[in-house]
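> The residues making up each chain are set out below.
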Amino acid sequence: MSSLQMPKVDSSILSKKDKIVSDIGRIINPKNVLSHPDELRPFETDGLTAYRQMPLVVVMPETVEEVSNILKYCNDNKVKVVPRGAGTGLSGGSLPLEDCVLMAMGKFNKILEIDYENRCVVTQPCVTNLAITHAVQDKGFYYAPDPSSQIACSIGGNVAENSGGVHSLKYGATTNNLLGIEVVLMDGTITKFGGKAMDSEGYDFLGLMTGSEGLLGVITEVTVKILKSPEIVKAALIGFPTIEDAGNCVAEIIAEGCIPAGMEIMDKALTKATNDYSKAGYPTDAEAMMIVEFDGTEHEVEAYIEKAKQIAEKNNSSSLKVSKSNEERLKFWAGRKAAFPACGVLAPDYMCMDGSIPRGKLAEVLKEITRLSKKYDLPVANAFHAGDGNLHPLIMFDANDKNSLKKCEEFGADILKYCVKVGGALTGEHGVGIEKRELMCEAFNDKDIQQQLTIKVALDPNSLLNPGKVYPILRKCAEEGRVHVHGGKTKFPDIPRF
Amino acid sequence: MEEKQNFQTSLDFNQNTFKPSTREEIVEIVKNCYKKNIPLEISGLQSKNKIGRNFQAEKTLDLSNYKGIIDYKPEELYIKVKAGTPISEIEEVLKKNNQQLAFEPNDFGYLFSGESNSGSIGGVVACNFAGSRRFKVGSVRDHLLGFQGVNGKGETIKSGGTVVKNVTGYDLCKILSGSFGTLTVLTEISIKVLPKPETSKTLIIKNSHVKKALDYLGQSLSSSTDPSGGVFYPDYFGKNFILNDLTHDGGLTGIRIEGPTNSVDQRIDRLSKELALINSEYSVLDNVQTEIFWNKTKNLEVFKNSKSNLIRIVVPISETLQVIQTLKKDDLNYFIDWGGSLIWMAFDHLNLKILSEIKEITKNHQGYYTLIKIEDDFKASADIFTIDPIKYKISEKIKKSFDPKRIFNPGKMYTGI
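Heads up: the sequence lines are chains P and S, in that order.
Going left to right, the first sequence walks through residues 1 to 498 as this note's numbering numbers them.
Going left to right, the second sequence walks through residues 1 to 417 as this note's numbering numbers them.
Hints listed in this document are in silico derivations from the structure and should not be mistaken for laboratory results.
Do not take every clue at face value.
Claimed, not checked - Taking lysine to any residue pairs in the SDA-like style, the calculated list, with each CA pair at most 20 angstroms apart, reads: (1) S:Lys405 to S:Ala57; (2) S:Lys212 to S:Ser283; (3) P:Lys456 to P:Lys170; (4) S:Lys73 to P:Glu256; (5) S:Lys192 to P:Ser68; (6) S:Lys19 to S:Lys67; (7) P:Lys447 to S:Lys31; (8) S:Lys196 to P:Lys447; (9) S:Lys95 to P:Glu252; (10) P:Lys31 to P:Val64; (11) P:Lys307 to S:Lys19; (12) P:Lys456 to S:Pro404; (13) P:Lys170 to S:Thr199.
Predicted model only: the values in this text are computed from it and were never measured.
Kindly generate the complete structure, drawing on both the sequences and the hints.
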């Protein structure tokens, strides 16, 4: 565990561990209460593996009533609770606390209803993102938000983090594809926000809960909208001699009124690394490489691809290939999706940053990253969801060298600060969690943060639900950790990350 | 950006209506009202001020002078404006760059005053009423990227920004959308803009029966032809549409298809086949007529000058038919938008008994209603919005966290909030 400060440990809770275990064992099946260190170990970290902490106890409720009763018990007895879905989050949102009850939602793993008439799916929160698409694809439907960890991440976790994905430029993030949730507040109140009808009346609690990183309630049911799968999908693989050319091409494609389903850029370092790793046939001599994908009806996609081609040529593209088949399209993506493991080959460790910037600032920001890379003497490779301005620099370092880790963390913080400076955001899709907590004051002033904390207190007066996340504890802008990967191994090496 | 604590302006605190033109003035007004417990009615361009409960406020904060475009970056797909900026002005500027507000804000002017008044951007966000493209592109709240506002203590707060992907902190853009000015005075608004489609055409199907219409709409929305609008007008409203290519004046179902010209033609053709329509059953409106048709829809023009009460009912599409059949009375006119999910229903006569029936029916069918226009003497006693006791309790807490002394639009949404 690093030196990141977490909420003060309540020693009276630690000393009451046996009582808490037996009390909760009366609320739920005692088999679903884990307290032995060997049982707790798998829960000590999430996708942000640089930070580890064993919880006091792990509980695995099976019904919403059980969730409610546990929360009520914890609220009455001032026990902290950390909710957890699939545990794939990259910002440490479900990092346990020493004196917490870790509420693992893994048993909420069933799809409850598929409603084609209303084009929605009602599901329990620990169903994976991809399982929703799998459940409806035989009828030609799918669930649009596609975080790259979609084979493993849970839909409840997606709601908590407001997850995005490659296609969020055209289809939006989780918040735009969500119709309703059932949620349990810290005092045990069970309620539903939204439902199968569009929008809801009164204050938009559904919107407030989405992306609140487990600080306001525990999600026990999710209703998402599903879309009809597009008739065809085509992608173009385009090389550019400079980052500026690629950046201009992005801006022009958008300005021309074509909204691609996905638009990705990689710099030369990452293009080469991913091509070596996956043999995707990338133009490795290009300074920047773009994958732009369109979906829709045949005429529509042809028209957009043609327009994108013209714009790319106008912007000095050095190579251009349009997918002729779905296999070829997937091959275009194969390298991009292998960005993490490809970097693992290049350096013992790397950290993945997640900043958001205005599309037009890409060249400027990449120039600054190159400058910082020289300053800190650490190599960096850049992946960029160009369509929606979400930048993922991968900083390579050696964690066995303490100085290298420290430099990497400073480098990462400098990048995020620069993102905010050019009008972007600290995090586009990974969430704040503990990872970017201390950088919050780069984006917000005291009053902004105070307003958010007041909302937290309104719903959780004792600050027991997932404390220590998102908001700085000391209110000083220290520079803390990132997604840290050692020896090319993430916690789940088989899950694509980008 | 910390607040200047002792900012002095020439504001006269004896006046009943404040018309600030700077944020500093707004801050000073709110701070003063907070200190003295003075309730404020927040007002924009008066286009939707009649929606909501009647409430008493000592002073009015009129934001119509706080207007102007701060920053418009077409290639970044956003526009940042002051809250009092008229929607018409924003739409005009966007049009020059071939862009638009994709959520199609309703123009309630025709309903309330007989002429166009699409209101201010602040009002549109505060009400969160989206037009016909709702089921495809989302509501107003889905397009609000960021805001700056003044909370009930007079503190300037912000959330979000100008980039589409931003998960930094709670998404306050959502909680403020549809809060009817009860939480924060919006000052600056950054809103997502989108390119105007190259072509928009509308498939108009002649049919008078709501059941058939809902079948058409349901089938269209589940097809890969990707419609961006779906409405049904019963017989009595058909005559409101006088368009070159509209060959009859009875009930009609309208389905809009947008995109590159070739693709639109191809999809219209395919949709007519998927719906098994024969030639005499349908017509296709071109770009110009399509614009007129959908403007009339978003502007609720069929209710222009109507003296009736108007209720906005939202239910899942599977429930629409039953809700209409259960509520159907002789004096009732309605049309359906949002591809079948939104029912605009006009009642000549409304009383508390009928209203509680409507409330019960919409609730039983997993939906909600909002009273948009009702007789004044009836307004004081009626529930304008639906809410359950648990959400009321949570709403009270949220209200308090933004506006602890309840000075913003007190009682506009619910008693006590």
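> Run the distance test for P:Lys307 versus S:Lys19: straight-line Cα separation, threshold 20 angstroms.
Violated. P:Lys307 to S:Lys19 sits at ~48 angstroms, over the 20 angstroms cutoff.
> Run the distance test for S:Lys19 versus S:Lys67: straight-line Cα separation, threshold 20 angstroms.
This hinted pair holds, its Cα atoms lying about 11 angstroms apart.
> Regarding the pair S:Lys95 and P:Glu252, is the alpha-carbon distance no greater than 20 angstroms?
18 angstroms, holds
> Need the status of pair S:Lys73, P:Glu256: alpha-carbon distance at most 20 angstroms?
Measuring from Cα to Cα gives roughly 14 angstroms; hence the hint holds.
> Take a quick look at whether P:Lys456 and P:Lys170 sit within 20 angstroms of each other, Cα to Cα.
32 angstroms, violated
> Given the hinted pair S:Lys212 and S:Ser283, is their Cα-Cα distance within 20 angstroms?
17 angstroms, holds
> Between P:Lys31 and P:Val64, is the straight-line Cα distance small enough, at 20 angstroms or below?
17 angstroms, holds
> Taking 20 angstroms as the top limit, are the C-alpha atoms of S:Lys196 and P:Lys447 close enough?
This hinted pair is violated, its Cα atoms lying about 38 angstroms apart.
> Assess, step by step, whether the Cα of S:Lys405 is no farther than 20 angstroms from the Cα of S:Ala57, and give holds or violated.
13 angstroms, holds
> For a C-alpha distance cap of 20 angstroms, please report whether P:Lys170 and S:Thr199 respect it.
The given pair, whose Cα atoms are some 18 angstroms apart, holds under the 20 angstroms limit.
> Run the distance test for P:Lys456 versus S:Pro404: straight-line Cα separation, threshold 20 angstroms.
15 angstroms, holds
> Holds or violated: P:Lys447 with S:Lys31, Cα cutoff 20 angstroms?
Roughly 14 angstroms separates the two Cα atoms, so the pair holds.
Hints 3, 5, 8, 11 from the earlier list are contradicted by this structure; the remaining hints agree with it.
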